[in-house]
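Undergrad: With the hints as extra help, turn the sequences into a complete structure.
First to last, the protein sequences are chains A and B.
FYI, the working numbering numbers position 108 of the first sequence as 108, with every residue one higher than the one before it.
With positions in the second sequence counted from 1, the corresponding number in the working numbering is that position plus 1000.
It is worth saying that the hints were derived from the structure and are not from the lab.
Here a beta-carbon is modelled for each residue, glycine too, at the ideal position from N, C-alpha and C.
Among the clues, some could well be false.
Okay, the calculated bits of chain A under chain B, using three or more residues with CB under 8 Å as the criterion [claimed, not checked]:
{"id": "1", "segment": "25-39"}
{"id": "2", "segment": "42-48"}
{"id": "3", "segment": "81-93"}
{"id": "4", "segment": "99-107"}
Here are a few chain A residues that sit away from chain B, every Cβ distance over 10 Å (derived from the structure) [what the hints assert, rightly or not]:
{"id": "5", "residue": "12"}
{"id": "6", "residue": "55"}
{"id": "7", "residue": "76"}
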Amino acid sequence: MSAIILYITFVLLFTMGLFALIFKRNLIKIVIALNILDSGMNLFFITLGYRHNATAPIFTLLPWDTHITMVLPTPQALILTNIVIGFATTALMLGVAILTYRNNKTLDTRKLRGVEEL
Amino acid sequence: MIKHVPVLLVAIPLVVAFMLPIIGMVNRTIRTITAGVAIVIIMVLSYLLIQDVMICKKIFYYMVGSPDPTALFEHGLTFPIRIALKIDQFSLLFIIMATTLSFLFYLFSSQYIEENERKNYFTVLYVCMVAGMMGMLIANDLFTFFVFLEILSISSSALVSFRTERKHPPYAGYKYMFVSSIATSFFLLGIAFLYAQYGSFNIDYLKKVMDGTVLDKIAIVMLILPLAMKCGVVPMHMWIPDTYSEAPAPISSMVKLGSLICLYGLFRIAFTFGSHVYVSYELGILFILFGVLSMFVGVTQALIQKDVKRLMAFHAVSQVGYMLLGVGVGLSVIKSGDASFAIYGKIAMIGGLFHVINNALYKGLLFLTSGIMVRHYKTRDLNVMHGLAHYDKFTALVFMIAALAISGIPPLNGFVSKLIIYESVFHYNPLLTLIAIFVSVLTLASFMKVFYSAFLGMPPERKPVEQPILVKFSMVILSIIIVAIGLFPQGIIKLLIEPAVNALATF
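TA: Next up, the structure:
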């Protein structure tokens, strides 16, 4: 049951992120939208590894003869990587957005043009 | 020793990249040489593999973290979740291309980029880009591929906005990073769909257990479209002109090389999963459609440009179309059941992959010459440029070689691969060949425009500065390779391309 709620949350987060990506014009808001999208992805991956009534996937703490199920460890390891990647992306994009504002005095994509005036 | 080559190809650039700032604090010359030596080492390592992989048809597997990394089925892969690396003929072709070209572009950039405190960061990010490319090429599981794709896009977008004091490069870098992070988010979603069904990321394992459900097909689309976006295929090409034109010249070449590595991922996923889930015909048609659109839209946009680097960037879009056309024809007939793959499909794929190599060579050279032109005229406007050939005959000659090669003029390498594509695609559909030849003619027309306005005409007001020795050396080597492949294409097709096509088709 709780997995279903998590999947619904993922869909909501993903749609919110996509909506903001498409309709927002501010460079900072686009970064926030990408972050929301990324969180949705992370939640989805973690939920894939979720098992009902399971424990944390740490072998050494379990007695040998139990039949306790564990949640899948792989998605968690991978999502740790993805969180770090997302952090790097966010930092870089915010840095570049600051430089864009410093050089152009605007954050509005409609006013920014990548083309140099010849 | 040689069995550890797969992991060394990634480990050497990654380790060296993060040593470079410390070395750079001590001595800048040593830092430049260290980065160059690291790239040379992986280049030599990749050449060492030619004998084993291309001629003896051996495939290298490497399981990072297992007790015996090369043992595959005994205890190396009891559980299909490990960081798996693999080098087969197809990936070795791209590895050789990537290492050689990134070494030549590094030689160019080591003297082209002015020496100041920012050059430290430049070198670090450059070597990180090389590491990202190597990782994507040898990864055999989708998540490793994704991680290295992110390393490649983060470092290259930081390099695109390298000249932060100017008005536009930061925005170009932002745009590139924006496109890449959307692409990689959707790529991760595709991986998640596959993981949810089969519980593994390993490409070989997934291929074995995939059974063509609807979710599989959605996942394949999610994996292919982001990579097509990173290659700059036409409906998703809006980031190409800004990125390529605002980056420093050697970085334009490197970003172009990175987009060809994404093309590698596109082909690998399409052939591995597509032919297994029986969507290879549809994917082939999609590739042909993308290819024709890219060729035509790219070249018609390039014709009207006044800005030399934007013109070359649109030609990069149009050249990707040729590769997609060649390989797409091969992909669409690979499961047809009759003899059409043996008659023309395989030759079309040879043409497509050969064009990848050739295109990386002459497109890189064109971007390098554009850097020299822009540095001389202090503008990218073709209407202002005139008469560089009066003083700088070397650049004029090199530019001429590259421009004739991209337009497919006989003794040069572009002609060979384009001719192979024309002949084989003609059996599939004559109309496609007509479009390809027409695009080639338009390419020649637009490069004649560049040559006429930048190199001919009245002599320029001031004499150009003499180019440093390494800048000239890298451009000479690139032109020699272009002419040599154009004169003797048989050798490289037999040695490198044909094993790669066989590996890709039977994968």
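Undergrad: Would you mind marking each hint as holding or not holding in the structure?
TA: Tested hints:
1. 25-39: Holds, because 5 residues of the segment 25-39 of chain A bring their Cβ atoms closer than 8 Å to Cβ atoms of chain B.
2. 42-48: holds (count 3)
3. 81-93: holds (count 7)
4. 99-107: Per the Cβ count (4), the hint holds.
5. 12: Consistent with the label, residue 12/A stays out of reach of chain B, its closest Cβ about 15 Å off (over 10 Å).
6. 55: Answer for residue 55/A: holds, closest chain B Cβ roughly 19 Å.
7. 76: holds, 12 Å
Violated hints are absent here; each numbered hint is respected by the structure.
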